[in-house]
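Enquirer: One letter stands for each residue in the lines below.
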Amino acid sequence: MQLELSDDDATFRDELREFFTTKVDEDIRTVVRERGELTKDQIVRGHRTLNEAGLAVPHWPVEWGGRDWTPLQRHIWHEEMQRAAVLPPLAFNTSMIGPVIAQFGTQEQKERFLPKTANLDIWWSQGFSEPDAGSDLASLRTSAVRDGDDWIVNGQKTWTTLGQYGDWIFTLVRTDPDVKKQAGISMLLIDMTSPGVEVRPIELIDGGHEVNEVWFSDVRVPAENLVGEVNSGWTQAKFLLGNERVGVAPVGSVKRVLAQTKEWAAATTTDADGTTLLDDPLVASRIAELENELLALELTALRVVANSADGKPHPASSVLKLKGSELQQAVSELVVDVAGPAGLGSGGTSETSDLEQWQRRATPAYLNLRKASIYGGSNEVQRQIIAGTILGL
Amino acid sequence: MQLELSDDDATFRDELREFFTTKVDEDIRTVVRERGELTKDQIVRGHRTLNEAGLAVPHWPVEWGGRDWTPLQRHIWHEEMQRAAVLPPLAFNTSMIGPVIAQFGTQEQKERFLPKTANLDIWWSQGFSEPDAGSDLASLRTSAVRDGDDWIVNGQKTWTTLGQYGDWIFTLVRTDPDVKKQAGISMLLIDMTSPGVEVRPIELIDGGHEVNEVWFSDVRVPAENLVGEVNSGWTQAKFLLGNERVGVAPVGSVKRVLAQTKEWAAATTTDADGTTLLDDPLVASRIAELENELLALELTALRVVANSADGKPHPASSVLKLKGSELQQAVSELVVDVAGPAGLGSGGTSETSDLEQWQRRATPAYLNLRKASIYGGSNEVQRQIIAGTILGL
Amino acid sequence: MDFTYDEEQLALRDAARSLLTKSYSDFENRRKAVGTGHDGDGPGYDPAVWGQMAEMGLLALPFSEEDGGVGAGPVEVGIVAEEVGRVIAPEPFLTTVVLAGGLVAAVGTDEQRGEIVGGLAAGELVPALAHAEPGSRWQPSARTVSATQDGDTWTLEGVKEPVPYGATADLLVVSAALPDGGTGLFTVDPSVDGVERTGYRTPDGGRAARVRLSGVTATPLGEAGADATEAIAASYDATRVAAAQEAVGAMQVALDTTSDYLKSRKQFGVPLKTFQALTFRAADMYVSLELARSLAQWATMVLASPSTDAAERRTAATRAWAQVSRAARHIGQEAIQLHGGIGVTAEYSVGSYTAHLTTLDHLLGDSRHHLGALARGVADYDVVDPIG
Amino acid sequence: MDFTYDEEQLALRDAARSLLTKSYSDFENRRKAVGTGHDGDGPGYDPAVWGQMAEMGLLALPFSEEDGGVGAGPVEVGIVAEEVGRVIAPEPFLTTVVLAGGLVAAVGTDEQRGEIVGGLAAGELVPALAHAEPGSRWQPSARTVSATQDGDTWTLEGVKEPVPYGATADLLVVSAALPDGGTGLFTVDPSVDGVERTGYRTPDGGRAARVRLSGVTATPLGEAGADATEAIAASYDATRVAAAQEAVGAMQVALDTTSDYLKSRKQFGVPLKTFQALTFRAADMYVSLELARSLAQWATMVLASPSTDAAERRTAATRAWAQVSRAARHIGQEAIQLHGGIGVTAEYSVGSYTAHLTTLDHLLGDSRHHLGALARGVADYDVVDPIG
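Chains as they are written, first to last, in this note's numbering: chain Y, 1 to 393; chain V, 394 to 786; chain H, 787 to 1174; chain F, 1175 to 1562.
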């Protein structure tokens, strides 16, 4: 057991910290820090800055841009990025479809897609969930029927995050309706400009447009866009959902928001004598409590990455997702309370309101983050995994 | 809607308050206040004081000592009793078997048992739970087989509270093993001095002897001791478990302990300058929080009693049991924290320890009260009732 | 002590429920009324519904007959508030009738009461209370907006924000720091020179505004130069209690909607209600709701009682809102979680219930804030006795 | 940063587990060792097991070789503490080796260290730290027990209580207010005149005592008249960290026992694990356990690190115990609840685990206490960085 980083890792951390705090465009980091909405251009620009420095896909195979880092180094990379308010590379590209193509794709698919995926020349969307297949993903109904060299796809996907920007979408489709539900699924890559693909926005309760429905009406997809074998899609899906444990808990960004919350509370006077909200013992103790929980979560993440070096996820990974989303939500709720009356100003802008941007963003962010315990394997699914695979219940 | 008590009810309350604070032996109230253990003599003496004043069985039929009070008056009676640190009358007698005999018993049974039950001349024990029939009460296995004018009883009951003092025990026994489990149960009253009855103590984690196992080996019970029809015991059991909603949540006693907790915290200095634990904002806010929850619980109890005048329990009764036990436990946990280091002194006495009695009792009481959410219909059963009967889930 | 409504009150409830259900049982109607996106175009509610509420006398409830009201009290206000909450009607009943109207009724001159309260009751005039200031936190006093006096002329200077429904209000009731200390109240015609209003949406689809006052001539509300701090606090207390009833209505429907969803939605081939982990959480929501309802109703009775004093009413409002606010977080969060993805969409109702319940905290203070106030007083009494 | 044990540490863990499992895997053995009922007859542990622990070198771990120890550190102490926790062994490893022994090792003279620490390591002398006083709350200073000096003679007066395992200890290490301020440490032979000891059971079956000191002649521990406040605080910090590891062991077994019960116990004709509301709560217990484990191990590394200072160690101990204490409440309460009635009986193990976890708070402070300390410091830094 040892507390300190090795010299190499300490140097590694210092270099990344230097890079993230000086080389990523300041406008992007400002929006992240103020919890605003990034434009598509900012997301792409930020991603490419990372990719140019070899920092977008460090966990990929080396021949496709990977860096062969240790799990601890990947953790440090992820934490430093968030700490510096740098937007991580687009997860759909780098954490989801990229590793799948690298693992299961043909050589042609790799050459065609991986470099553009790493550089966000292709913006990938995710087409897994369906209206009647939420936590029960395998019950999906979007169908692909073979027609000559093509597949004909029909159906509907939903909760497609940032689908409005998508160039391509990786989908799970039913290619055999007559077998056990997991056995009849394939993974198809679909060009979103294909005729018959329609993206419809879903407005969320925070007023934002972040997710979409994607409709497929007789969409013709070349057979070469199938990843892996026909009817092996569940294998790819499980690989995709399970392979990436670094960054499953957004520790770094939640820590940053909590640190900002302290600044905000310290800047909020509650009395004519200059007492601030940070002097309020109930607020301070809530902050201390959340800091301690976050520390415990970060340390657990460090334990998990250290123990997943053999490629198999540590069984405690579900703890990271479960507790990570809870703490993310809890911090966002505290910000709502710190904002106080100013939280009413959510629709205001710097032109129409004298309230601070963080105050105006507080409640939309809180409401938006209710999704954190639902998307990507709900907390109920995580509890089921813990009870089943760890406790044997 | 009206906040105030009617003049009659206000007078009623004042008279009871006067009685409870002046006519019940002070030694009993002191032990209750200090959370000590009452002797059998004290319990009997206290009970009879109430019965002599017509305050032990007010909810029974008038001909057997009842008072025909309104539900609100019964609530006031119960609250004032607890507020004055008066031990309520023995529930096994007055809330459980008494009303059952009054409702289902023969005239002979009523005359034989009810007056002695009201006056605690007979101490009743409860024989419902079995080792393999906890929340699933109807799966009980203790058998009664008819033999001439008698029943022969064999089996084991458990969690029999204060069974060491019991003169008689009311039991649920299986009289027909061949029908649906609820349909083959009868209620038998058994003299605990009968040959073949054995009471064995169960030590609890607080070191106390409060519950027992009761074993029946070929115990011969006269047929006249059956309550109601043969195989109708489930009806009597449901009546017993469901008929009494007043006092299901121990609001008055928990309020009293919380008020004492404030005194204890105010008497505990945390600093050389005389700052007390009650000045600690985290302790004070926890107290305020519990007070508010208790207030909400008490008001809910008042709403429930007001709405159960027609004899059917208000569907929110399960809320009282569930939240009542949670708050009772939460207050006992707070006392553990207020006791602080002195909580180590649980085994001490006034001879062997300079610590206060309340400090020494803190953790045994906390541990003992873990039972509150288990006995008498666990909180899981209450949630099941709420989900099923109220929400239709 | 009696928690039941009399027949007249039950009739009021039925009438209000009928009107509001007709208007908003189709959730799309609410979406249309509040508009979509971030902008704050339009008043944020349906003036036609507001007019019907006025016709039914709902806006006149708390006001005396001589002021143009119907002389009802907190119980009747609470009944309507609960119905408003059940459909989360966007009409500004709470901020206009209870908060602003209540304050005018409390401190206005006969003439002012007749004009403002009468106009409000008739649905002809919508006032707004401009009290909060950037940096204030539910204090009943004004700090950055100040009033200066020159003879009989009073002039206001400073920024009020957020002002609920302030951009479209017909009349502003403005609090301001008085030259000799204390906080005065004034009425301001929003069309006069020096008033600049910019409106926007609140998180629940309601409206608020920044109101800049630059040397605006204002009319004292009630006695000129009198300190209205206590009256402002009392009006916020009454609003907390009405809001508690409103929240109870909203929480009830959020729970009902969730229960219905658990019954109808299938996952893994069975209805969600098959999963005990979910139904038990719904049961816990019910517990929170019932406890909150008890405190809301009790605080309403404390306000309605002739025998309680201002301090008791303050405490009751604080207790009620502290409890309701916490229940609202619990129920609002769980209602979304038990729905899953659909719960965070604007098309489906339950997320908007959560948004509204959260937004009430911005107006009235979160539970930690109120718990802190209660904590500072725990040494002053032995037990909390709810019976007056 | 490295959370793994090296081979020597793994061997230590296996040896300790083997010994303690052999002694206490039959829960009746623990019941016999601690005795039943309220009284405090007997030492409250099994001297034979204590002797075996000494033979194995477990009591010598944290001490330097020149003092008779083996020169290991907080990591090794934590390993043994976790094993002690797994069987809730009643032997006073925590209070004797870590708390009392650690303090003697920190401030004692060469001679004292050799005698006391050496005797302790060999299993021949059991010291106890008499620091708490009626009315004190985990402060590192003494207030009501005072020391007076007359030439080279020091005399103690006052009451120490509760003193863990104080009635049967061979030697008392006593803190006392010094004539010129500060808190000094002294050793007291409990058999001398003026020492009156009355022992009793603690809530978990351990032992504590009241120690009355009436004009007792005492020997300064280390430099006479030196203020040992910081050393006392540091020893309690080390004890908190070891206790955190101990609690992790106990929580792990409480959870395992609960999981096993859910698998084997049937109700309504099916195993309890069929009820999702129960299995999800077991999952939440696991979450609490893993987070607590992380902080316990981290604090152990902070203590073991040569590059941390006393303030960092203090904070780490506070953070670890605050987290572990809360997890212990959660897991202890749920372990009983998920068992039902059997969980509160003394015959069945799980209730005793809960009792022990609660009792540790009495020794070391509850989570609210420590959270308050953390809260007073939140303004002093930006983020908590766990990596040294």
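Simulated from the structure, these hints should not be mistaken for lab results. None of the values given here were measured: they were computed from a predicted structure. One thing to keep in mind: the hints can contain errors.
Heads up, simulated DSBU-like pairs for lysine-lysine below, C-alpha to C-alpha not over 30 Å straight-line [unchecked claim]:
| hint | chain 1 | residue 1 | chain 2 | residue 2 |
| --- | --- | --- | --- | --- |
| 1 | Y | LYS180 | H | LYS1052 |
| 2 | H | LYS1049 | V | LYS574 |
| 3 | F | LYS1437 | H | LYS1052 |
| 4 | F | LYS1440 | V | LYS631 |
| 5 | H | LYS1049 | Y | LYS180 |
| 6 | H | LYS1052 | Y | LYS238 |
| 7 | F | LYS1440 | H | LYS1049 |
DEER-style ranges, computed between Cβ atoms [unchecked claim]:
| hint | chain 1 | residue 1 | chain 2 | residue 2 | range |
| --- | --- | --- | --- | --- | --- |
| 8 | Y | ASP25 | H | ALA801 | 55 to 65 Å |
| 9 | Y | GLY242 | V | THR782 | 57 to 67 Å |
| 10 | Y | ASP279 | H | GLU982 | 30 to 40 Å |
| 11 | Y | ASP147 | H | SER811 | 42 to 52 Å |
| 12 | H | ASP1171 | V | THR782 | 28 to 38 Å |
| 13 | Y | GLY392 | H | GLU793 | 57 to 67 Å |
| 14 | H | GLU982 | Y | THR30 | 21 to 31 Å |
| 15 | H | SER811 | Y | ASP25 | 47 to 57 Å |
| 16 | H | VAL856 | V | LYS573 | 52 to 62 Å |
The beta carbon of each residue, even a glycine, is placed where N, CA and C say it ideally should be.
Enquirer: Does each hint fit the structure? Answer for all of them.
Expert: Outcome of the hint check:
no.	hint	result
1	Y/LYS180 with H/LYS1052	18 Å, holds
2	H/LYS1049 with V/LYS574	29 Å, holds
3	F/LYS1437 with H/LYS1052	27 Å, holds
4	F/LYS1440 with V/LYS631	23 Å, holds
5	H/LYS1049 with Y/LYS180	26 Å, holds
6	H/LYS1052 with Y/LYS238	23 Å, holds
7	F/LYS1440 with H/LYS1049	27 Å, holds
8	Y/ASP25 with H/ALA801: 55 to 65 Å	60 Å, holds
9	Y/GLY242 with V/THR782: 57 to 67 Å	41 Å, violated
10	Y/ASP279 with H/GLU982: 30 to 40 Å	35 Å, holds
11	Y/ASP147 with H/SER811: 42 to 52 Å	46 Å, holds
12	H/ASP1171 with V/THR782: 28 to 38 Å	32 Å, holds
13	Y/GLY392 with H/GLU793: 57 to 67 Å	60 Å, holds
14	H/GLU982 with Y/THR30: 21 to 31 Å	28 Å, holds
15	H/SER811 with Y/ASP25: 47 to 57 Å	49 Å, holds
16	H/VAL856 with V/LYS573: 52 to 62 Å	59 Å, holds
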